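Q: Now for the letters of each chain:
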Amino acid sequence: MRQAALVLQKDLRVLVRSPLLLGVLIAYPLLVAGLVGLVAGYGSSKPRVALVDEDHLPQVVSIGGHQFRIQDAIDEVGKNVHLVRMDPVEARRALATGRVVATLTVPPGFLADLRSGLHSPSLVYQVTRGGISSRVTQQVQALVYGLNRQLQTAYVQTDLRYVQLIVTGGRATFAGRTYDVLGLARMEKLLQKLPPGAERDRIAEFARIAGVALAQTGSLLGATANPIGLERAHEDSRSSLLSAQVQSYALALTITFLALLLAAGAIASERDENAIGRLRRGLISMGELVSAKVARAAVVALVLGLAIALVFGLIVDAGGVAGGEPWQRLPLLAAGLLVAGAALGALGTLLGALARETRTASLVAVLVVMPVVFLGLVPREVVPVAGSLSDGLPFAHAVRYFSASLYDASPWKAVVRELVWLAGLGLVFGALARVATRRLLA
Amino acid sequence: MSDPVLRARGVARRFGSQVALEPTDVDVEASEALALIGPNGAGKSTLLALLAGALQPSAGAIERVGDVRVGWVPQRAAFYDRLTARENLELFARLEEEPDHAAVAAQLLARFEIPADRPAHTLSVGNRQRLNVALALLGDPRVLLLDEPTAALDPGQRRRLWETVTALRDEGGSVVFATQNLEELELYADRVAVLQRGLLTFVGPTADYRQFHAEEIFT
Numbered sequence: 001m002r003q004a005a006l007v008l009q010k011d012l013r014v015l016v017r018s019p020l021l022l023g024v025l026i027a028y029p030l031l032v033a034g035l036v037g038l039v040a041g042y043g044s045s046k047p048r049v050a051l052v053d054e055d056h057l058p059q060v061v062s063i064g065g066h067q068f069r070i071q072d073a074i075d076e077v078g079k080n081v082h083l084v085r086m087d088p089v090e091a092r093r094a095l096a097t098g099r100v101v102a103t104l105t106v107p108p109g110f111l112a113d114l115r116s117g118l119h120s121p122s123l124v125y126q127v128t129r130g131g132i133s134s135r136v137t138q139q140v141q142a143l144v145y146g147l148n149r150q151l152q153t154a155y156v157q158t159d160l161r162y163v164q165l166i167v168t169g170g171r172a173t174f175a176g177r178t179y180d181v182l183g184l185a186r187m188e189k190l191l192q193k194l195p196p197g198a199e200r201d202r203i204a205e206f207a208r209i210a211g212v213a214l215a216q217t218g219s220l221l222g223a224t225a226n227p228i229g230l231e232r233a234h235e236d237s238r239s240s241l242l243s244a245q246v247q248s249y250a251l252a253l254t255i256t257f258l259a260l261l262l263a264a265g266a267i268a269s270e271r272d273e274n275a276i277g278r279l280r281r282g283l284i285s286m287g288e289l290v291s292a293k294v295a296r297a298a299v300v301a302l303v304l305g306l307a308i309a310l311v312f313g314l315i316v317d318a319g320g321v322a323g324g325e326p327w328q329r330l331p332l333l334a335a336g337l338l339v340a341g342a343a344l345g346a347l348g349t350l351l352g353a354l355a356r357e358t359r360t361a362s363l364v365a366v367l368v369v370m371p372v373v374f375l376g377l378v379p380r381e382v383v384p385v386a387g388s389l390s391d392g393l394p395f396a397h398a399v400r401y402f403s404a405s406l407y408d409a410s411p412w413k414a415v416v417r418e419l420v421w422l423a424g425l426g427l428v429f430g431a432l433a434r435v436a437t438r439r440l441l442a
Numbered sequence: 001m002s003d004p005v006l007r008a009r010g011v012a013r014r015f016g017s018q019v020a021l022e023p024t025d026v027d028v029e030a031s032e033a034l035a036l037i038g039p040n041g042a043g044k045s046t047l048l049a050l051l052a053g054a055l056q057p058s059a060g061a062i063e064r065v066g067d068v069r070v071g072w073v074p075q076r077a078a079f080y081d082r083l084t085a086r087e088n089l090e091l092f093a094r095l096e097e098e099p100d101h102a103a104v105a106a107q108l109l110a111r112f113e114i115p116a117d118r119p120a121h122t123l124s125v126g127n128r129q130r131l132n133v134a135l136a137l138l139g140d141p142r143v144l145l146l147d148e149p150t151a152a153l154d155p156g157q158r159r160r161l162w163e164t165v166t167a168l169r170d171e172g173g174s175v176v177f178a179t180q181n182l183e184e185l186e187l188y189a190d191r192v193a194v195l196q197r198g199l200l201t202f203v204g205p206t207a208d209y210r211q212f213h214a215e216e217i218f219t
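Respectively, the protein sequence lines represent chains A and B.
Residue numbers for the first sequence follow our numbering, beginning at 1 and rising by one.
Residue numbers for the second sequence follow our numbering, beginning at 1 and rising by one.
None of these hints come from the bench; they were simulated from the model.
Please note that the accuracy of each hint is not assured.
Claimed, not checked - FRET-style restraints, in silico, Cβ to Cβ:
id, chain 1, residue 1, chain 2, residue 2, range
1, B, Glu171, A, Val435, 39 to 49 Å
2, B, Glu183, A, Ala5, 37 to 47 Å
3, A, Asp408, B, Arg118, 50 to 60 Å
4, A, Ala307, B, Val125, 35 to 45 Å
5, B, Val125, A, Ala5, 24 to 34 Å
6, A, Gly23, B, Gln107, 34 to 44 Å
7, A, Ser285, B, Glu163, 30 to 40 Å
This one's a predicted model, so the numbers in the text were calculated from it and none came from an experiment.
We put the CB at the ideal spot given by N, CA and C, even for glycine.
Using the sequences and the hints, build the whole thing.
A: The structure is reproduced here in structure tokens:
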């Protein structure tokens with residue numbers, strides 16, 4: 001392997017003398033990762049929804065003695081959906097042309113039904129077909145849920161006032177008429193003035209029990225309105241930018257690009273520079289030559305992967321973010337970077353040997369990198385075939401290895417499994433690359 | 001006739017469906033300079049690459065008598081453009097297992113007057129060819145295979161190259177060179193092998209070639 005070490009040394013020296021190439025190869029995957037992030041950001045951006053107010057809702061609505069500011073409700077929804085007021089014709093056109101993804105219509109008589117409490121009024125919702133329609137539907141459902149919660153609170157308080165009226169008595173207005181209600185407490189006092197007897201005692205007992213039972217009505221109504229509450233706890237975990245998943249993908253994406261392209265270019269350049277013939281004359285075996293290219297990919301993956309991990313670690317430390325132990329796990333990560341880099345280098349060497357020319361090899365490598373990466377990004381649960389195909393390529397295994405090695409509480413099972421996968425894939429691709437080097441001599 | 005040091009036995013080479021060299025028998029003898037001539041695409045470079053071991057034959061075999069060391073100067077320069085001339089020579093010297101690779105490299109750089117520390121891709125065509133020749137001399141070869149070696153050299157460098165070549169032959173080494181230059185053939189070749197469309201049509205002393213075949217080859 002001395003010969004392979006000499007060629008590896010040469011390759012590393014050549015790489016260092018091509019800073020522009022190295023810079024582009026490092027910047028490119030980071031750029032791609034950024035663009036993917038932007039696309040993902042678009043996926044979570046606020047969709048535009050037209051709000052059509054056919055009932056001409058006032059700024060402030062009074063329901064059950066409670067004042068509701070319509071704009072506050074809109075602002076609340078606006079955290080997730082960008083609500084735009086439109087007239088019905090404009091809204092229909094906007095929906096047809098895709099300027100809004102949905103329309104939400106407040107039909108005539110909505111507020112009257114709401115105030116009466118006799119009918120449940122409905123908002124009318126229309127959505128386009130497409131990728132984000134289900135998400136918009138969820139947002140609108142969340143809006144209705146939020147409104148219902150506020151209304152429930154108002155209704156419960158109104159109901160409680162009526163209950164309180166039954167308990168204590170007093171004057172009340174209902175359906176436009178004012179009543180003087182006796183109330184259980186006053187009823188008991190009146191009973192005391194009646195002649196004693198079994199009937200009076202029975203009525204007094206009923207009034208007492210009813211008073212006790214109605215005293216519990218408040219909490220019972222609250223529980224009925226919201227059987228299960230949801231509280232948002234204070235967040236002290238990592239931000240999404242620093243999440244284990246993002247780090248794992250950033251590492252895997254970078255070394256996949258670098259290892260694949262560098263290995264493919266390196267083996268093809270041996271032919272372009274006509275050095276393969278000179279080497280072939282007994283100076284080095286083709287197996288050793290493949291080993292040298294694989295080793296270079298592994299070294300580059302190790303160095304750059306560790307550099308990225310160090311930067312992440314420093315940001316995490318500087319931010320004082322809790323969770324994860326990047327420093328303690330770096331040796332484990334290094335082992336994965338080395339083996340993943342070698343597996344990807346073997347695949348790159350195979351591609352380079354098949355392509356034969358450096359330019360073709362680079363183009364083929366770029367074309368192959370994309371599906372390799374995206375196959376690894378598709379969740380197995382969504383497309384099982386993609387998961388199976390991805391198993392035959394190093395990227396997904398590298399992601400799982402990095403994620404486990406950096407953040408799993410008990411990483412060993414996953415780490416060993418993925419390491420075996422990566423080593424096996426590296427051996428298979430390396431053996432195929434060894435056979436394919438025959439093409440370099442043709 | 002002296003003993004052959006390098007033999008091609010029924011050696012042939014195809015590239016896909018294209019036949020570059022029909023089955024060919026040729027011996028390279030000690031202390032001789034054998035010229036390979038023929039029109040472009042006749043198979044000269046292929047035969048030299050096969051003799052050098054840079055190409056695997058599709059059929060037949062190359063025999064190196066006593067594991068003789070062979071140096072090869074391909075028609076197109078074969079070294080790493082991003083390395084300097086010195087680094088190229090030192091790398092290949094180490095691969096050839098030269099005991100003192102630095103000294104050997106320095107010696108060849110001085111002998112061929114090659115700019116030592118400039119990246120090879122910045123060298124002139126002539127300097128690149130000198131480096132190409134210098135690399136072939138690593139490992140102290142007893143057989144030197146040269147594929148149109150003087151095409152890019154100035155007259156002074158040509159003379160120096162042929163001095164090196166004839167010195168090797170005079171010391172008992174062998175030289176096989178492909179050329180389109182009939183003057184070089186007359187001056188330096190002991191024997192001539194003629195290739196036409198991948199077929200070896202003549203092998204014999206230069207005098208015989210001159211007498212019977214010279215006019216036919218390039219017409």
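Q: Would you say the C-beta atoms of Gly23/A and Gln107/B sit inside 34 to 44 Å of each other?
A: For Gly23/A and Gln107/B the Cβ distance comes to about 38 Å; the hint holds.
Q: I want to verify a distance hint. Is the separation of the beta carbons of Glu171/B and Val435/A within 39 to 49 Å?
A: Check passed, 42 Å falls within 39 to 49 Å.
Q: Can you tell me whether the CB distance of Ser285/A to Glu163/B sits inside 30 to 40 Å?
A: holds, 36 Å
Q: Given the hint of 50 to 60 Å, check if Asp408/A and Arg118/B actually sit that far apart at their C-beta atoms.
A: holds, 52 Å
Q: A range of 37 to 47 Å was offered for this pair. Does it hold for the Cβ distance of Glu183/B and Ala5/A?
A: Holds: the Cβ-Cβ distance is about 46 Å, inside 37 to 47 Å.
Q: Is the distance from the Cβ of Ala307/A to the Cβ of Val125/B consistent with 35 to 45 Å?
A: holds, 41 Å
Q: Is the gap between the beta carbons of Val125/B and Ala5/A within 24 to 34 Å?
A: Holds, at about 33 Å.
Against the hints set out earlier in the document, no violation occurs for any number.
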